[in-house]
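K.L.:
Chains as they are written, first to last, in this note's numbering: chain A, 1 to 206; chain B, 1001 to 1206; chain C, 2001 to 2206; chain D, 3001 to 3206.
Hint data in this document are derived by calculation from the structure and do not stem from the laboratory.
Backbone N, C-alpha and C define an ideal beta-carbon position, used for all residues, glycine too.
Please note: incorrect hints may appear among the correct ones.
Stated by the list, open to error - Pulled from the structure, derived: some chain C residues nowhere near chain A, Cβ distances all over 12 Å: (1) Ile2029; (2) Ile2084; (3) Arg2127.
What the hints assert, rightly or not - Under 7 Å between C-beta atoms, here's a sample of chain D residues computed to sit facing chain B: (4) Lys3064; (5) Ala3113; (6) Lys3114; (7) Glu3115; (8) Gly3117.
4 protein chains.
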Amino acid sequence: MSSKNSNKYSFKQFMKEISEYVCKASDMINDYEVDKFTNILLETLQNNKKILIVGTGRSGLAGKAFAMRLMHLGFNVYVLGDTITPAIYGGDVVIAISGSGITRLVITAASTAKEIGAKVIAITSYRDSPLAKIADHVVIVPGRTKIARENDYTVRQILGEHEPLAPLGTLFEITLNVFFDSLVSELMQRLGKTEEDLKKRHTTIE
Amino acid sequence: MSSKNSNKYSFKQFMKEISEYVCKASDMINDYEVDKFTNILLETLQNNKKILIVGTGRSGLAGKAFAMRLMHLGFNVYVLGDTITPAIYGGDVVIAISGSGITRLVITAASTAKEIGAKVIAITSYRDSPLAKIADHVVIVPGRTKIARENDYTVRQILGEHEPLAPLGTLFEITLNVFFDSLVSELMQRLGKTEEDLKKRHTTIE
Amino acid sequence: MSSKNSNKYSFKQFMKEISEYVCKASDMINDYEVDKFTNILLETLQNNKKILIVGTGRSGLAGKAFAMRLMHLGFNVYVLGDTITPAIYGGDVVIAISGSGITRLVITAASTAKEIGAKVIAITSYRDSPLAKIADHVVIVPGRTKIARENDYTVRQILGEHEPLAPLGTLFEITLNVFFDSLVSELMQRLGKTEEDLKKRHTTIE
Amino acid sequence: MSSKNSNKYSFKQFMKEISEYVCKASDMINDYEVDKFTNILLETLQNNKKILIVGTGRSGLAGKAFAMRLMHLGFNVYVLGDTITPAIYGGDVVIAISGSGITRLVITAASTAKEIGAKVIAITSYRDSPLAKIADHVVIVPGRTKIARENDYTVRQILGEHEPLAPLGTLFEITLNVFFDSLVSELMQRLGKTEEDLKKRHTTIE
């Protein structure tokens, strides 16, 4: 193990690169895509429909963190792979998350959802990915995904020419977490919900 | 549901508040605490010891995201609540995460770990919390936790006087995610590992 | 690895020991305890209350299998540790599972549930265990638990004098699985539900 | 809710039907199939290979219970969907569980495993199912699966002509649990391991 003195970057530099990336990435989020996504979520409340969140690995964990808050907001939300995952039917909404848009298990689940008549929302970095192509609505969240691509155009736009310090899909995953949490604030604002409202539904045994 | 026009804040403002919070929070992370934490993790590699990560809710999810990367880096790491969680013995390391430092299940697990002779690292916002008090080493990650406290001094230092837009523990949880991901970059640097090294251990079936 | 010819027991003997154990164990289940448990579960439907299932390890997995069927039957059921676990309040029901009755995380969760005013049902092999003592209702499911006890009286009654071939808590865990599945049949019978009713709620994406 | 007096079957009858089913089902397990499966598992120990367990719903839970015991026995075992699931490569073993043999997510994972060069073991009730067809080795575990089939020949052979009292895939899932636990006893016997050996690896924090 190399001594600390030989380190090229400090811990704070790593934290700043990631947070500055997210800050700049927020400018590349398309307002129309977010607005349509928000409306689809709100409609599930009015029509008494379910939301199912599908994702693997660290993207799946970001999806779970989002699912918890949707539950706190009163949405009827579930996560694929959890114990309690009820039947999904036509009119329900499936949020399928994959930075690369090529994760097989996510695509398999999204395809089944389509056949059932559910509405599929893809959250991905690539508009031309297989996942985006089968989705009813796509929200592009920029970030370098674990599948390195020559054309990581948006990442280079944000970071400039230097290689990102954060490995694999880290920049996508963190941007995704901040994206979902901002959507929670947006939904609170639209629904006129306060922090106290959310607290009432927060788990009491932990 | 209120119309979008009446919204006080835009979606981008939410994203920027969170990412700017994290950026400023990075200045409040104590370098010595991080350095000691990093060394404890690296020692598990040399001494062939295990790491067990303990956390509930959204903090637990951040812990899981960190656990995945530790595995990619070659650490012998497990998550409490996963199917495969082996016996922990003296000399092993338990990372116990709780923003408030009062989460009962985390404290119960950390206490058991102490009795067994494992080393407990607390990741929390409160140095005087019950969790911090039983830990062998504490790393303070600033953030407003879900337990609202009058003395959210660090949060006000970072945000100024205005109330945070993000509800409950959001600011802690996102800062925690960025903190752990920066620690991954730090560990890569110390171990001389490249992104390609991590990729070799990344799950191939998903 | 020893050659197969030197094996003392055949694979079928292992299967038969376990299934015969369960068959005999069913005679030691107390009808009144089961009836009261069933009534408490049915009351949650009438009073629009939640059920939370708490267990660790293999007992926790049996609890999850039960939770799935309760959901198929229309109960409002959750599992501690799942992503979607809402707040539990007074009048809700917590099913706390621990063969030995001394599992710390289960006792911690059950104690919190009691403080909140939830009804705690203990599923355990030991009536004098700490878990049983804090519960509002106890159902004894016989079986050797992973904590070997001299006074494994019920197990010897069932197996005779020979040592069980199945290790650790296996006999408890399998009996528990069959116990819960029989309760599902009992609930179907009481509610007048058919297999087709359950199928409608079975997950459609898998 | 109908009164208890009108019940056609008693709780004990439900428990006896299930355990007697498993007892008879054990006669229909093919010894050669089990022996080959056991050898494949033992070879992973000698060749330092990984085992990955794949399953959804209640079959997946049975797979997780088996995974815990394989870990206690010293196998290098993982579960798809757990936090810690490393890369699988050629020579590793994937145990794919699906009663019906048509569960899409299981087939998708098994296909990917085949492409990678891993050895796929299918645990299913149907030898002609899509899952069985792509597997390197098939072990037939009899049971009525959640997909009702006219040709549930083996189930009728075991139960006689009456309809099973246990709904959906219950009989398969319980038989599966007992099957896996018997395999654990078989592996202990072949490896010369005692209960004490397993206990040393059993989780100490719970």
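K.L.:
Does Glu3115 of chain D pass the interface hint, meaning its C-beta sits closer than 7 Å to a C-beta of chain B?
P.N.:
9 Å, violated
K.L.:
Min Cβ distance, Lys3114 of chain D to chain B: is it shorter than 7 Å?
P.N.:
11 Å, violated
K.L.:
Going by Cβ atoms, does Ile2084 of chain C stay more than 12 Å from chain A at every point?
P.N.:
Per Cβ check, Ile2084 of chain C is inside 12 Å of chain A; nearest 5 Å; violated.
K.L.:
May I ask you to test the interface hint for Ala3113 of chain D with respect to chain B, counting a Cβ-Cβ separation under 7 Å as satisfied?
P.N.:
6 Å, holds
K.L.:
Is the nearest CB of chain A more than 12 Å from the CB of Ile2029 of chain C?
P.N.:
Holds, because the least Cβ-Cβ distance between Ile2029 of chain C and chain A comes to about 25 Å, which exceeds 12 Å.
K.L.:
Against chain B, is Lys3064 of chain D within 7 Å by beta-carbon distance?
P.N.:
This hint holds: Lys3064 of chain D lies near chain B, its Cβ roughly 4 Å from the closest one there, short of 7 Å.
K.L.:
A cut-off of 12 Å on Cβ-Cβ distance, and Arg2127 of chain C was said to be off the interface with chain A. Does that hold?
P.N.:
24 Å, holds
K.L.:
Have a go at the Gly3117 of chain D hint: is there a Cβ in chain B nearer than 7 Å to its own Cβ?
P.N.:
10 Å, violated
This entry does not satisfy hints 2, 6, 7 and 8, going by the numbered hints stated previously.
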